[in-house]
Amino acid sequence: MKRMLLPVTIALLLEAWGVPPIALERANGQDRAAKEAAIVGKPPLVERSEGDGKNLLHSEKLSGARWHIEGNGIRIPVVAVRGTPYEMGVQLGSQMRDEMQRLVPPLVTGFRSELKVSEEQLDHVWATTSSYTDPRLMQQLVGLAEGSGIPIRTLQHVHCLPLLMPYACSSIAAWGDATVDGHLYQTRNLDWSLEAGAHEFPVLVVYFPDTGIPHVSPSFAGFIGAHCGMNAAGIVLSEIGDASAKEMPYETHASHFTAWFRTLLYDANSLTEAIRMFEQIKPTKSYHFVFGDGVTDKRSTKIRAATGGGRAKPEIDLWKDNDPKDELAPQVLSCVVYHDEGRGAFPTLAAQRGKLDAEKLIALANQIPIQGGNVMNAVFDATGMRLWVSYAGQDKEAYQRPYLQLDLMTIDIDRDGKPDWRPSP
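So in the working numbering, spot 143 of the sequence shown is number 171, and the numbers just go up one at a time.
There may be inaccurate statements among the hints.
[As the list claims (entries may be wrong)] Below 16 Å or equal to it, Euclidean Cα-Cα: the simulated EDC-like pairs (lysine to aspartate or glutamate) are:
no.	residue 1	residue 2
1	Lys-388	Asp-209
2	Lys-310	Asp-345
3	Lys-348	Asp-205
4	Lys-424	Asp-205
5	Lys-348	Asp-325
6	Lys-424	Glu-223
7	Lys-310	Asp-354
8	Lys-326	Asp-435
9	Lys-310	Asp-325
[Unchecked claim] Pair by pair, the computed Cβ-Cβ distance ranges are:
no.	residue 1	residue 2	range
10	Pro-451	Pro-352	33 to 39 Å
11	Glu-98	Lys-446	22 to 28 Å
12	Ala-379	Glu-355	18 to 24 Å
13	His-281	Lys-383	44 to 50 Å
Quick caveat, the hints were computed from the structure, so don't treat them as lab data.
Keep in mind it's a predicted model, so treat the numbers as computed, not measured.
C-beta: ideal position from N, C-alpha, C; glycine also.
Given only the sequences and the hints, what does the whole structure look like? Please build it.
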(Lines of atoms letter the chains of each structure in order from A; the text may use other names.)
(Lines give C-alpha, C1' and ligand atoms only; values in the text may rest on other atoms or scores of the structure.)
Protein backbone atom coordinates (compact mmCIF):
# COMPACT_ATOMS: atom_id res chain seq x y z
CA MET A 29 0.00 0.00 0.00
CA LYS A 30 1.23 3.51 -0.77
CA ARG A 31 2.20 5.66 2.17
CA MET A 32 -0.70 8.07 1.62
CA LEU A 33 -3.23 8.47 -1.15
CA LEU A 34 -2.96 12.24 -1.30
CA PRO A 35 -4.13 12.58 -4.93
CA VAL A 36 -7.47 11.07 -3.94
CA THR A 37 -10.02 13.70 -2.99
CA ILE A 38 -10.73 14.26 0.67
CA ALA A 39 -14.41 13.49 0.06
CA LEU A 40 -13.57 10.02 -1.20
CA LEU A 41 -11.20 9.38 1.69
CA LEU A 42 -13.78 10.42 4.24
CA GLU A 43 -16.40 8.29 2.50
CA ALA A 44 -14.02 5.34 2.73
CA TRP A 45 -13.60 5.99 6.43
CA GLY A 46 -17.37 5.97 6.88
CA VAL A 47 -18.03 9.69 7.42
CA PRO A 48 -21.51 10.53 6.08
CA PRO A 49 -22.19 13.92 4.45
CA ILE A 50 -24.24 15.11 7.44
CA ALA A 51 -21.23 14.64 9.72
CA LEU A 52 -19.22 16.88 7.43
CA GLU A 53 -21.95 19.51 7.39
CA ARG A 54 -22.12 19.49 11.19
CA ALA A 55 -18.38 19.67 11.73
CA ASN A 56 -18.47 22.81 13.84
CA GLY A 57 -18.74 25.00 10.74
CA GLN A 58 -15.20 24.06 9.70
CA ASP A 59 -14.31 23.96 6.01
CA ARG A 60 -13.00 21.32 3.62
CA ALA A 61 -9.41 22.48 4.10
CA ALA A 62 -9.72 21.64 7.79
CA LYS A 63 -10.73 18.06 6.93
CA GLU A 64 -7.77 17.76 4.59
CA ALA A 65 -5.50 18.89 7.41
CA ALA A 66 -6.44 15.77 9.34
CA ILE A 67 -4.72 13.59 6.76
CA VAL A 68 -1.24 14.96 7.33
CA GLY A 69 -1.69 16.57 10.72
CA LYS A 70 -2.29 20.28 11.18
CA PRO A 71 -3.03 22.45 14.21
CA PRO A 72 -6.54 21.95 15.60
CA LEU A 73 -9.32 24.45 15.05
CA VAL A 74 -10.70 24.40 18.58
CA GLU A 75 -9.32 25.68 21.84
CA ARG A 76 -8.86 23.85 25.11
CA SER A 77 -11.09 24.58 28.06
CA GLU A 78 -10.73 23.78 31.72
CA GLY A 79 -13.31 23.29 34.43
CA ASP A 80 -14.48 21.06 37.26
CA GLY A 81 -17.41 19.28 35.62
CA LYS A 82 -19.95 21.70 37.06
CA ASN A 83 -18.63 25.19 36.34
CA LEU A 84 -16.93 24.57 33.02
CA LEU A 85 -15.06 27.09 30.93
CA HIS A 86 -15.77 27.03 27.19
CA SER A 87 -14.45 28.73 24.11
CA GLU A 88 -17.03 30.08 21.70
CA LYS A 89 -16.40 27.13 19.43
CA LEU A 90 -17.57 23.70 20.54
CA SER A 91 -14.49 22.43 22.35
CA GLY A 92 -15.63 19.90 24.91
CA ALA A 93 -14.52 20.33 28.50
CA ARG A 94 -11.54 19.19 30.52
CA TRP A 95 -10.97 19.05 34.26
CA HIS A 96 -9.15 16.78 36.71
CA ILE A 97 -9.95 14.43 39.52
CA GLU A 98 -7.17 14.63 42.06
CA GLY A 99 -5.95 13.52 45.45
CA ASN A 100 -2.83 12.20 47.19
CA GLY A 101 -0.68 14.15 44.75
CA ILE A 102 -2.29 12.44 41.73
CA ARG A 103 -4.20 14.23 38.94
CA ILE A 104 -6.11 12.38 36.21
CA PRO A 105 -7.64 14.35 33.33
CA VAL A 106 -11.35 13.98 32.60
CA VAL A 107 -12.53 15.06 29.16
CA ALA A 108 -16.24 15.36 28.37
CA VAL A 109 -17.24 15.56 24.72
CA ARG A 110 -20.61 15.79 23.03
CA GLY A 111 -22.19 15.89 19.58
CA THR A 112 -21.68 13.75 16.51
CA PRO A 113 -18.86 11.17 16.48
CA TYR A 114 -16.80 13.52 14.33
CA GLU A 115 -17.40 16.47 16.65
CA MET A 116 -16.51 14.39 19.71
CA GLY A 117 -13.28 13.36 18.00
CA VAL A 118 -12.31 16.97 17.30
CA GLN A 119 -13.04 17.95 20.90
CA LEU A 120 -11.09 15.03 22.38
CA GLY A 121 -8.13 15.63 20.08
CA SER A 122 -8.06 19.30 21.02
CA GLN A 123 -8.31 18.70 24.76
CA MET A 124 -5.62 15.97 24.74
CA ARG A 125 -3.45 17.45 22.00
CA ASP A 126 -0.29 17.91 24.07
CA GLU A 127 -0.43 14.44 25.61
CA MET A 128 -1.21 12.82 22.26
CA GLN A 129 1.73 14.52 20.58
CA ARG A 130 4.04 13.19 23.30
CA LEU A 131 2.65 9.65 23.46
CA VAL A 132 1.30 8.50 20.11
CA PRO A 133 4.22 8.82 17.64
CA PRO A 134 6.84 7.12 19.87
CA LEU A 135 4.31 4.48 20.96
CA VAL A 136 3.63 3.45 17.38
CA THR A 137 7.33 3.45 16.52
CA GLY A 138 8.19 1.35 19.57
CA PHE A 139 5.52 -1.28 19.01
CA ARG A 140 6.29 -1.51 15.30
CA SER A 141 9.86 -2.36 16.27
CA GLU A 142 8.79 -4.84 18.96
CA LEU A 143 6.26 -6.59 16.71
CA LYS A 144 8.54 -6.37 13.67
CA VAL A 145 5.83 -4.95 11.44
CA SER A 146 6.12 -2.24 8.82
CA GLU A 147 3.89 0.77 8.27
CA GLU A 148 2.56 -0.93 5.15
CA GLN A 149 1.65 -4.04 7.13
CA LEU A 150 -0.24 -1.91 9.66
CA ASP A 151 -2.00 -0.21 6.75
CA HIS A 152 -3.16 -3.65 5.61
CA VAL A 153 -4.35 -4.62 9.10
CA TRP A 154 -6.29 -1.38 9.37
CA ALA A 155 -7.83 -1.78 5.91
CA THR A 156 -9.00 -5.26 6.92
CA THR A 157 -10.36 -4.64 10.42
CA SER A 158 -11.88 -1.25 9.64
CA SER A 159 -14.37 -2.82 7.26
CA TYR A 160 -15.88 -4.59 10.29
CA THR A 161 -15.71 -1.59 12.62
CA ASP A 162 -18.54 0.69 13.74
CA PRO A 163 -18.63 3.70 11.36
CA ARG A 164 -19.06 5.98 14.36
CA LEU A 165 -15.54 5.16 15.50
CA MET A 166 -14.21 5.80 12.01
CA GLN A 167 -15.86 9.20 12.03
CA GLN A 168 -14.50 9.99 15.48
CA LEU A 169 -11.01 9.02 14.37
CA VAL A 170 -11.13 11.61 11.57
CA GLY A 171 -12.12 14.25 14.11
CA LEU A 172 -9.42 13.07 16.52
CA ALA A 173 -6.79 13.60 13.83
CA GLU A 174 -8.05 17.09 13.11
CA GLY A 175 -8.24 18.10 16.76
CA SER A 176 -4.83 16.72 17.72
CA GLY A 177 -2.80 17.54 14.62
CA ILE A 178 -1.65 13.91 14.39
CA PRO A 179 -1.93 12.30 10.93
CA ILE A 180 -4.85 9.94 10.68
CA ARG A 181 -2.58 7.19 9.39
CA THR A 182 -0.67 7.26 12.68
CA LEU A 183 -3.91 7.07 14.66
CA GLN A 184 -5.10 4.17 12.53
CA HIS A 185 -1.90 2.33 13.40
CA VAL A 186 -2.44 2.98 17.11
CA HIS A 187 -5.84 1.34 16.84
CA CYS A 188 -4.37 -1.65 14.95
CA LEU A 189 -1.85 -2.53 17.62
CA PRO A 190 -4.22 -4.22 20.13
CA LEU A 191 -5.19 -6.68 17.38
CA LEU A 192 -1.62 -7.91 17.16
CA MET A 193 -0.64 -8.23 20.82
CA PRO A 194 -1.21 -10.81 23.60
CA TYR A 195 -2.06 -9.67 27.14
CA ALA A 196 -3.96 -10.82 30.24
CA CYS A 197 -6.19 -9.13 32.80
CA SER A 198 -8.92 -9.94 35.37
CA SER A 199 -12.43 -8.90 36.41
CA ILE A 200 -14.91 -9.41 39.26
CA ALA A 201 -18.60 -8.51 39.43
CA ALA A 202 -20.79 -8.59 42.54
CA TRP A 203 -24.36 -7.41 43.10
CA GLY A 204 -27.58 -7.96 45.03
CA ASP A 205 -27.11 -10.03 48.18
CA ALA A 206 -23.34 -10.10 47.67
CA THR A 207 -22.89 -6.35 48.15
CA VAL A 208 -23.56 -4.19 51.16
CA ASP A 209 -26.00 -1.90 49.34
CA GLY A 210 -27.28 -4.16 46.55
CA HIS A 211 -25.42 -2.13 43.91
CA LEU A 212 -23.67 -3.87 41.04
CA TYR A 213 -19.90 -3.36 41.30
CA GLN A 214 -17.52 -4.56 38.63
CA THR A 215 -13.72 -4.43 38.50
CA ARG A 216 -11.25 -4.36 35.68
CA ASN A 217 -7.50 -4.97 35.95
CA LEU A 218 -5.53 -4.00 32.85
CA ASP A 219 -2.28 -5.96 32.87
CA TRP A 220 -0.32 -4.91 29.82
CA SER A 221 2.99 -3.21 28.94
CA LEU A 222 4.40 -0.72 31.41
CA GLU A 223 7.30 -0.15 29.03
CA ALA A 224 4.89 1.42 26.53
CA GLY A 225 4.40 4.35 28.91
CA ALA A 226 0.72 4.85 28.05
CA HIS A 227 -0.11 5.03 31.77
CA GLU A 228 1.80 8.31 31.95
CA PHE A 229 -0.91 9.86 29.75
CA PRO A 230 -4.22 8.74 31.29
CA VAL A 231 -7.63 10.18 30.55
CA LEU A 232 -11.20 9.40 31.52
CA VAL A 233 -13.34 10.16 28.47
CA VAL A 234 -17.03 10.88 29.03
CA TYR A 235 -19.06 10.75 25.83
CA PHE A 236 -22.40 12.53 25.40
CA PRO A 237 -23.41 11.52 21.86
CA ASP A 238 -26.21 13.26 20.00
CA THR A 239 -27.62 9.80 19.27
CA GLY A 240 -26.90 6.98 21.70
CA ILE A 241 -26.30 6.46 25.40
CA PRO A 242 -23.75 8.54 27.35
CA HIS A 243 -20.76 6.42 28.34
CA VAL A 244 -17.38 6.63 30.03
CA SER A 245 -14.11 4.92 29.18
CA PRO A 246 -10.90 5.00 31.26
CA SER A 247 -8.34 5.34 28.49
CA PHE A 248 -5.06 6.82 27.30
CA ALA A 249 -4.27 9.86 25.17
CA GLY A 250 -5.04 9.14 21.53
CA PHE A 251 -7.06 5.95 21.98
CA ILE A 252 -10.81 5.98 21.37
CA GLY A 253 -11.48 2.27 21.75
CA ALA A 254 -12.73 1.07 25.14
CA HIS A 255 -10.83 -1.65 26.99
CA CYS A 256 -13.53 -1.27 29.65
CA GLY A 257 -16.35 1.16 30.29
CA MET A 258 -19.83 1.92 31.57
CA ASN A 259 -22.88 3.62 30.11
CA ALA A 260 -25.75 5.61 31.60
CA ALA A 261 -28.09 2.63 31.23
CA GLY A 262 -25.94 0.78 33.78
CA ILE A 263 -24.07 -1.46 31.32
CA VAL A 264 -20.48 -2.14 32.38
CA LEU A 265 -17.95 -4.08 30.31
CA SER A 266 -14.64 -5.74 31.25
CA GLU A 267 -12.22 -7.96 29.32
CA ILE A 268 -9.60 -10.60 30.07
CA GLY A 269 -7.20 -11.59 27.30
CA ASP A 270 -6.55 -15.33 26.92
CA ALA A 271 -4.66 -15.58 23.63
CA SER A 272 -1.00 -16.49 23.98
CA ALA A 273 1.68 -15.54 21.51
CA LYS A 274 1.56 -19.16 20.30
CA GLU A 275 -1.82 -18.45 18.69
CA MET A 276 -0.48 -15.59 16.58
CA PRO A 277 -1.28 -14.34 13.99
CA TYR A 278 -4.69 -13.34 15.30
CA GLU A 279 -7.85 -12.86 13.26
CA THR A 280 -8.06 -9.43 11.64
CA HIS A 281 -11.21 -9.99 9.59
CA ALA A 282 -13.23 -8.74 12.54
CA SER A 283 -13.63 -5.73 14.78
CA HIS A 284 -11.34 -5.61 17.82
CA PHE A 285 -13.12 -5.83 21.16
CA THR A 286 -12.10 -2.26 22.06
CA ALA A 287 -14.09 -1.08 19.04
CA TRP A 288 -17.24 -3.13 19.60
CA PHE A 289 -17.16 -2.32 23.33
CA ARG A 290 -17.82 1.26 22.20
CA THR A 291 -20.74 0.00 20.09
CA LEU A 292 -22.27 -1.76 23.09
CA LEU A 293 -21.74 1.30 25.26
CA TYR A 294 -23.42 3.47 22.63
CA ASP A 295 -26.44 1.21 22.14
CA ALA A 296 -27.03 -1.48 24.80
CA ASN A 297 -29.70 -0.53 27.35
CA SER A 298 -29.74 -3.86 29.20
CA LEU A 299 -27.59 -6.94 29.74
CA THR A 300 -30.01 -8.89 27.55
CA GLU A 301 -29.42 -6.43 24.72
CA ALA A 302 -25.64 -6.41 25.25
CA ILE A 303 -25.50 -10.21 24.98
CA ARG A 304 -27.71 -10.17 21.88
CA MET A 305 -25.34 -7.70 20.24
CA PHE A 306 -22.27 -9.68 21.33
CA GLU A 307 -23.62 -12.84 19.73
CA GLN A 308 -23.42 -11.13 16.33
CA ILE A 309 -19.69 -10.38 16.71
CA LYS A 310 -16.82 -12.52 15.46
CA PRO A 311 -13.94 -12.71 18.00
CA THR A 312 -10.44 -11.80 16.87
CA LYS A 313 -8.75 -14.09 19.41
CA SER A 314 -9.46 -15.81 22.73
CA TYR A 315 -10.96 -13.73 25.52
CA HIS A 316 -13.07 -13.79 28.64
CA PHE A 317 -15.53 -10.95 29.16
CA VAL A 318 -17.66 -9.82 32.08
CA PHE A 319 -20.80 -7.89 31.12
CA GLY A 320 -22.84 -6.27 33.89
CA ASP A 321 -26.11 -4.37 34.21
CA GLY A 322 -26.68 -2.35 37.35
CA VAL A 323 -30.07 -0.89 36.40
CA THR A 324 -32.36 -3.15 34.33
CA ASP A 325 -31.33 -6.82 34.55
CA LYS A 326 -29.28 -6.18 37.71
CA ARG A 327 -26.74 -8.96 37.24
CA SER A 328 -23.52 -9.81 35.42
CA THR A 329 -22.54 -12.62 33.08
CA LYS A 330 -19.13 -14.14 32.36
CA ILE A 331 -18.36 -15.01 28.75
CA ARG A 332 -15.63 -17.13 27.21
CA ALA A 333 -14.94 -16.53 23.51
CA ALA A 334 -12.17 -18.75 22.16
CA THR A 335 -10.93 -18.72 18.59
CA GLY A 336 -7.76 -19.52 16.70
CA GLY A 337 -5.26 -22.04 17.99
CA GLY A 338 -6.45 -24.68 15.54
CA ARG A 339 -10.15 -24.34 16.40
CA ALA A 340 -12.44 -24.92 13.43
CA LYS A 341 -14.85 -22.25 14.67
CA PRO A 342 -15.16 -19.95 17.70
CA GLU A 343 -16.20 -21.51 21.00
CA ILE A 344 -18.60 -19.37 23.05
CA ASP A 345 -19.68 -20.04 26.65
CA LEU A 346 -21.89 -17.87 28.88
CA TRP A 347 -22.04 -18.42 32.65
CA LYS A 348 -24.36 -16.84 35.18
CA ASP A 349 -23.64 -16.52 38.89
CA ASN A 350 -23.31 -19.72 40.96
CA ASP A 351 -23.26 -21.68 37.71
CA PRO A 352 -22.22 -25.34 38.12
CA LYS A 353 -21.06 -25.25 34.49
CA ASP A 354 -18.68 -22.35 35.15
CA GLU A 355 -15.10 -23.41 34.47
CA LEU A 356 -14.21 -22.27 38.01
CA ALA A 357 -16.88 -24.43 39.70
CA PRO A 358 -17.19 -25.35 42.52
CA GLN A 359 -15.53 -22.03 43.43
CA VAL A 360 -18.63 -20.06 42.45
CA LEU A 361 -21.08 -17.90 44.42
CA SER A 362 -24.54 -16.44 43.98
CA CYS A 363 -24.57 -12.80 42.84
CA VAL A 364 -20.89 -13.04 41.88
CA VAL A 365 -19.04 -13.83 38.65
CA TYR A 366 -15.29 -13.45 38.19
CA HIS A 367 -12.26 -14.48 36.20
CA ASP A 368 -8.86 -14.06 37.81
CA GLU A 369 -6.76 -16.67 35.99
CA GLY A 370 -6.20 -18.50 39.27
CA ARG A 371 -4.79 -15.57 41.25
CA GLY A 372 -6.78 -16.23 44.42
CA ALA A 373 -9.90 -14.07 44.39
CA PHE A 374 -12.34 -16.75 45.58
CA PRO A 375 -11.40 -17.04 49.29
CA THR A 376 -11.80 -13.28 49.75
CA LEU A 377 -15.05 -13.22 47.78
CA ALA A 378 -16.48 -16.07 49.84
CA ALA A 379 -15.43 -14.50 53.14
CA GLN A 380 -16.75 -11.03 52.28
CA ARG A 381 -19.89 -11.97 50.37
CA GLY A 382 -22.71 -9.72 51.60
CA LYS A 383 -20.22 -7.08 52.71
CA LEU A 384 -18.68 -6.20 49.37
CA ASP A 385 -18.54 -2.53 48.41
CA ALA A 386 -16.27 -0.26 46.40
CA GLU A 387 -13.57 -0.19 49.07
CA LYS A 388 -13.44 -3.98 49.39
CA LEU A 389 -13.45 -4.50 45.64
CA ILE A 390 -10.62 -1.99 45.26
CA ALA A 391 -8.65 -4.04 47.78
CA LEU A 392 -9.52 -7.23 45.92
CA ALA A 393 -8.53 -5.73 42.56
CA ASN A 394 -5.19 -4.83 44.15
CA GLN A 395 -4.81 -8.43 45.31
CA ILE A 396 -5.01 -10.11 41.89
CA PRO A 397 -3.09 -8.16 39.22
CA ILE A 398 -0.18 -9.54 37.25
CA GLN A 399 2.63 -7.79 39.05
CA GLY A 400 5.17 -6.27 36.73
CA GLY A 401 2.50 -5.20 34.24
CA ASN A 402 -0.43 -3.70 36.16
CA VAL A 403 -1.14 -0.60 34.07
CA MET A 404 -4.62 0.38 35.29
CA ASN A 405 -7.35 -0.80 37.66
CA ALA A 406 -10.96 0.38 37.78
CA VAL A 407 -14.00 -0.34 39.94
CA PHE A 408 -17.40 0.66 38.55
CA ASP A 409 -20.63 1.16 40.48
CA ALA A 410 -23.12 0.51 37.67
CA THR A 411 -26.07 1.31 39.93
CA GLY A 412 -24.80 4.49 41.58
CA MET A 413 -22.98 5.67 38.43
CA ARG A 414 -19.54 6.14 39.97
CA LEU A 415 -16.11 4.76 39.24
CA TRP A 416 -12.77 4.58 40.97
CA VAL A 417 -9.57 4.34 38.97
CA SER A 418 -5.84 3.94 39.50
CA TYR A 419 -3.13 4.23 36.86
CA ALA A 420 0.48 3.19 37.23
CA GLY A 421 2.90 6.09 37.67
CA GLN A 422 5.95 7.38 39.50
CA ASP A 423 7.62 3.95 39.37
CA LYS A 424 4.63 2.26 40.98
CA GLU A 425 2.07 -0.06 39.44
CA ALA A 426 -1.65 0.66 39.57
CA TYR A 427 -2.27 -1.69 42.51
CA GLN A 428 0.30 0.26 44.56
CA ARG A 429 -1.29 3.67 44.05
CA PRO A 430 -4.39 5.42 45.42
CA TYR A 431 -7.67 5.32 43.50
CA LEU A 432 -9.52 8.48 42.52
CA GLN A 433 -13.30 8.70 42.21
CA LEU A 434 -15.43 10.17 39.41
CA ASP A 435 -19.12 10.66 40.24
CA LEU A 436 -20.82 10.81 36.86
CA MET A 437 -24.03 12.22 38.29
CA THR A 438 -22.25 15.49 39.13
CA ILE A 439 -21.37 16.33 35.51
CA ASP A 440 -23.41 19.26 34.19
CA ILE A 441 -21.78 20.53 31.00
CA ASP A 442 -24.81 22.46 29.78
CA ARG A 443 -25.17 24.05 33.25
CA ASP A 444 -28.92 23.53 33.45
CA GLY A 445 -28.77 22.25 37.02
CA LYS A 446 -29.50 18.66 35.93
CA PRO A 447 -27.06 15.77 35.48
CA ASP A 448 -26.04 15.27 31.87
CA TRP A 449 -25.41 11.60 32.64
CA ARG A 450 -28.77 9.98 31.94
CA PRO A 451 -30.00 7.31 29.51
CA SER A 452 -31.20 8.55 26.15
CA PRO A 453 -35.00 8.45 25.79
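Do the hints match the structure? See the list:
1. Lys-388 - Asp-209: It holds: about 13 Å lies between the C-alpha atoms, which stays within 16 Å.
2. Lys-310 - Asp-345: Since the Cα atoms of Lys-310 and Asp-345 sit roughly 14 Å apart, the hinted pair holds (cutoff 16 Å).
3. Lys-348 - Asp-205: Holds, because 15 Å separates the two Cα atoms, which is no more than 16 Å.
4. Lys-424 - Asp-205: 35 Å, violated
5. Lys-348 - Asp-325: 12 Å, holds
6. Lys-424 - Glu-223: 12 Å, holds
7. Lys-310 - Asp-354: The given pair, whose Cα atoms are some 22 Å apart, is violated under the 16 Å limit.
8. Lys-326 - Asp-435: Answer violated: Lys-326 to Asp-435 is near 20 Å, above 16 Å.
9. Lys-310 - Asp-325: 25 Å, violated
10. Pro-451 - Pro-352: 33 to 39 Å: 35 Å, holds
11. Glu-98 - Lys-446: 22 to 28 Å: For Glu-98 and Lys-446 the Cβ distance comes to about 25 Å; the hint holds.
12. Ala-379 - Glu-355: 18 to 24 Å: Check passed, 22 Å falls within 18 to 24 Å.
13. His-281 - Lys-383: 44 to 50 Å: 46 Å, holds
Hint compliance for this structure: hints 4, 7, 8 and 9 are not met, and every other hint is.
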